[in-house]
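K.L.:
Letter by letter, the chains look like this.
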Amino acid sequence: MATPILQVKDLQTQFTTHDGVVRAVDGVSFDLYPGESLGIVGESGSGKSVTALSLLRLVPNPGRIVGGQVLFRNDDLLQLSDEEMREIRGRDIAMIFQDPQSSLNPVLRTGFQIAEAMLAHQRSTRSQALRRAVELLRRVRIPAAESRAKDYPHQLSGGMRQRAMIAMGLANAPAIVVADEPTTALDVTVQAQILELLADLNHELGAAVVMITHNMGVVAGLCTRVLVMYAGQIVEQGPVEQIFEDPQHPYTWSLLKSIPRVDAVRHERLRSIEGIAPDLLRPPRGCRFHPRCPFRVEKCFSDDPHLIEVKPDQRAACWVTMDRARAEMGADDLLDIRPGSASGVQAGRLVE
Amino acid sequence: MTAEALVDVPQPAGASAPALIRVENLVKHFPAGIGQTVKAVDGVSFDIKPGETLGLVGESGCGKSTLGRLVMQLIPVSSGKVFLDGVELTRLRGEKLRQKRREMQIIFQDPFASLDPRMTVGDIVAEPLVNFRVMRGRKLSQRVQELLRIVGLNPNFNNRYPHEFSGGQRQRIGIARALALNPKLIVCDEAISALDVSIQAQIVNLLEDLQREFKLTYLFIAHDLSVVRHISDRVMVMYLGKIIEIADSVETYSSPKHPYTKALLSAIPIPNPKIQRGRRLVELSGEIPSPISPPSGCRFHTRCPIAHLPTPCADVEPPLEEKRDAHLAACHFSQDV
Chain A
1 MATPILQVKD LQTQFTTHDG VVRAVDGVSF DLYPGESLGI VGESGSGKSV TALSLLRLVP
61 NPGRIVGGQV LFRNDDLLQL SDEEMREIRG RDIAMIFQDP QSSLNPVLRT GFQIAEAMLA
121 HQRSTRSQAL RRAVELLRRV RIPAAESRAK DYPHQLSGGM RQRAMIAMGL ANAPAIVVAD
181 EPTTALDVTV QAQILELLAD LNHELGAAVV MITHNMGVVA GLCTRVLVMY AGQIVEQGPV
241 EQIFEDPQHP YTWSLLKSIP RVDAVRHERL RSIEGIAPDL LRPPRGCRFH PRCPFRVEKC
301 FSDDPHLIEV KPDQRAACWV TMDRARAEMG ADDLLDIRPG SASGVQAGRL VE
Chain B
353 MTAEALVDVP QPAGASAPAL IRVENLVKHF PAGIGQTVKA VDGVSFDIKP GETLGLVGES
413 GCGKSTLGRL VMQLIPVSSG KVFLDGVELT RLRGEKLRQK RREMQIIFQD PFASLDPRMT
473 VGDIVAEPLV NFRVMRGRKL SQRVQELLRI VGLNPNFNNR YPHEFSGGQR QRIGIARALA
533 LNPKLIVCDE AISALDVSIQ AQIVNLLEDL QREFKLTYLF IAHDLSVVRH ISDRVMVMYL
593 GKIIEIADSV ETYSSPKHPY TKALLSAIPI PNPKIQRGRR LVELSGEIPS PISPPSGCRF
653 HTRCPIAHLP TPCADVEPPL EEKRDAHLAA CHFSQDV
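The listed protein sequences correspond, in order, to chains A and B. When the letters of the first sequence are read in order and numbered with my numbering, they come out as residues 1 to 352. When the letters of the second sequence are read in order and numbered with my numbering, they come out as residues 353 to 689.
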């Protein structure tokens with residue numbers, strides 16, 4: 001396999017609040033390969049966005065990266081000076097945010113803002129940069145790019161603003177594009193257009209894409225590998241097709257079963273997950289998913305599971321895994337989804 | 353063009369069972385600057401049968417939330433009629449309307465904004481019962497505890513405040529409040545859109561259980577077609593203030609009769625990489641036009657992949673008519689979809 005372009009090792013990001021320390025990202029490690037499209041999925045509070053922000057050292061106060069490494073081309077980004085980090089941002093690693101409305105400057109023309117992103121990193125004249133900005137707007141398929149470049153952000157629709165943000169992200173031909181829920185605020189038909197655009201750019205430009213999303217459908221369409229996060233940690237990772245076909249972590253498995261499918265043939269009751277995600281001020285001991293897991297065993301209450309290879313290229317952090325849950329606990333026919341229902345292990349205190 | 357001139361929608365089919373809700377030629381125009389109006393809902397007719405879940409989908413600005421509020425009479429109609437159990441709500445005023453409203457409740461999208469932060473959960477759930485002087489004292493507090501239990505909350509939580517609960521739990525509080533007066537109809541306006549997937553599934557399952565137990569009728573409004581399809585018996589699709597298709601929810605997916613519905617379905621990513629990669633997106637050109645000056649003829653013609661231009665699509669408005677058994681669509685060329 002190729003050498004990774006980005007290596008994240010044991011990343012720890014914390015928020016210090018009045019009530020205590022929230023370990024939003026707690027020991028996350030992964031590799032990103034050149035040109036690949038990696039999905040990071042999880043629900044609110046899973047730490048997926050904070051992971052993305054940590055890569056670029058953009059974690060807002062009171063958050064702090066307290067440990068780990070982010071290796072990019074042999075440099076640890078966490079050790080760079082602010083000045084050096086500014087050089088990396090936008091030039092080598094670009095970020096696309098969820099809300100283009102608040103990430104564009106309302107009082108500057110769209111084309112100028114894109115040109116500005118170039119002038120910050122490259123030696124070119126203002127008029128060259130502006131010309132290139134129009135080209136980029138054309139590239140992200142904004143119609144009448146020439147005149148749109150002169151528009152202010154409020155004159156563009158939501159979809160066009162997100163295209164403009166992507167154009168800005170591409171301005172310096174970055175090696176990595178980190179997209180944090182880039183389509184969540186958009187209507188579904190516009191979302192589909194933006195996803196197609198991102199897929200094309202990923203193929204054409206060869207930039208590696210890190211896609212942060214809560215939407216499993218988005219991952220299925222765009223990504224080749226996926227990391228599933230829960231309560232600040234990666235619980236499962238692997239090639240997209242494998243993870244969707246044969247998830248081994250009970251959380252991934254339950255999550256996939258709780259999504260209503262537009263192509264479902266008949267009406268089946270949705271498999272929800274009981275309870276709520278844990279409070280990261282006081283995360284549960286042992287496996288963080290055990291208070292909600294139907295397949296938990298005694299060990300899950302006390303011992304923290306580590307990511308281990310469960311299938312070729314597929315890693316899961318679970319003492320049981322779904323293969324065993326199927327063989328020994330009849331997981332496929334399970335109707336009762338209460339914690340411990342399949343394993344019969346009811347001990348311990350429940351979250352709710 | 354006056355509002356009346358635009359109204360040529362026929363009565364929906366399947367009027368055999370008496371409808372719980374009947375909507376006829378409903379119009380809502382909002383003033384928008386001098387001489388301009390936003391045609392939010394522009395001539396809409398449909399029925400909801402007792403015990404049914406009717407799904408209402410469409411993208412931002414199509415008028416789906418306005419339609420939900422019109423059905424509830426939370427905002428006055430510009431013209432048209434709404435009947436609840438044969439009683440014309442649009443004619444009722446004052447106390448008579450207030451009494452009739454007991455039979456209709458709404459659950460809102462944002463469980464953070466729709467609960468008063470200074471009221472305890474018990475007071476929030478009790479409020480409709482107090483308002484209508486249904487019960488008080490010990491009976492009231494027993495009923496509140498019962499309602500909390502019904503929606504899956506600990507009844508002893510009645511002295512807590514909304515901020516002590518998660519999003520999903522707050523949505524359960526909103527549901528308990530909606531159930532308090534034993535309504536016939538509940539309008540769910542994006543009731544699960546703000547929730548995480550695993551919590552969404554909990555609430556969808558709860559709504560389905562409650563429907564069975566209390567014989568509820570739902571108007572389920574959402575932009576997420578996969579959730580709507582899951583929970584609904586029939587699905588209604590809106591575009592720019594008009595209903596463009598109504599059909600059985602399974603049939604809507606398997607054989608849509610309007611090109612917009614088809615495009616909308618093709619845009620929803622399916623959480624299965626093998627299927628999703630093989631799908632083709634029906635790409636719509638441009639974006640939704642302004643509801644201030646909607647396109648002539650069929651409102652979808654400016655973005656339609658199969659439009660015959662200029663005629664008839666740009667100058668004749670297609671009526672919402674039956675294309676197949678109880679499957680209505682408003683398209684001149686529905687056979688080509």
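Among the hints, erroneous ones may be present.
Here are the simulated DSSO-like pairs of lysine-lysine, each with C-alpha atoms no more than 27 Å apart in a straight line [as the list claims (entries may be wrong)]: (1) B:LYS401 with B:LYS433; (2) B:LYS626 with B:LYS401; (3) A:LYS311 with A:LYS9; (4) B:LYS675 with B:LYS614; (5) A:LYS257 with B:LYS626; (6) B:LYS675 with A:LYS257; (7) A:LYS311 with B:LYS614; (8) B:LYS448 with B:LYS433; (9) B:LYS433 with B:LYS675.
No wet-lab data here; the hints were simulated from the structure.
K.L.:
Work down the list of hints and note, for each, if the structure agrees.
P.N.:
Status of each hint after checking the structure:
no.	hint	in the structure
1	B:LYS401 with B:LYS433	17 Å, holds
2	B:LYS626 with B:LYS401	38 Å, violated
3	A:LYS311 with A:LYS9	22 Å, holds
4	B:LYS675 with B:LYS614	15 Å, holds
5	A:LYS257 with B:LYS626	17 Å, holds
6	B:LYS675 with A:LYS257	35 Å, violated
7	A:LYS311 with B:LYS614	38 Å, violated
8	B:LYS448 with B:LYS433	16 Å, holds
9	B:LYS433 with B:LYS675	25 Å, holds
When held up to the earlier numbered hints, the structure conflicts with 2, 6 and 7 and fits the remainder.
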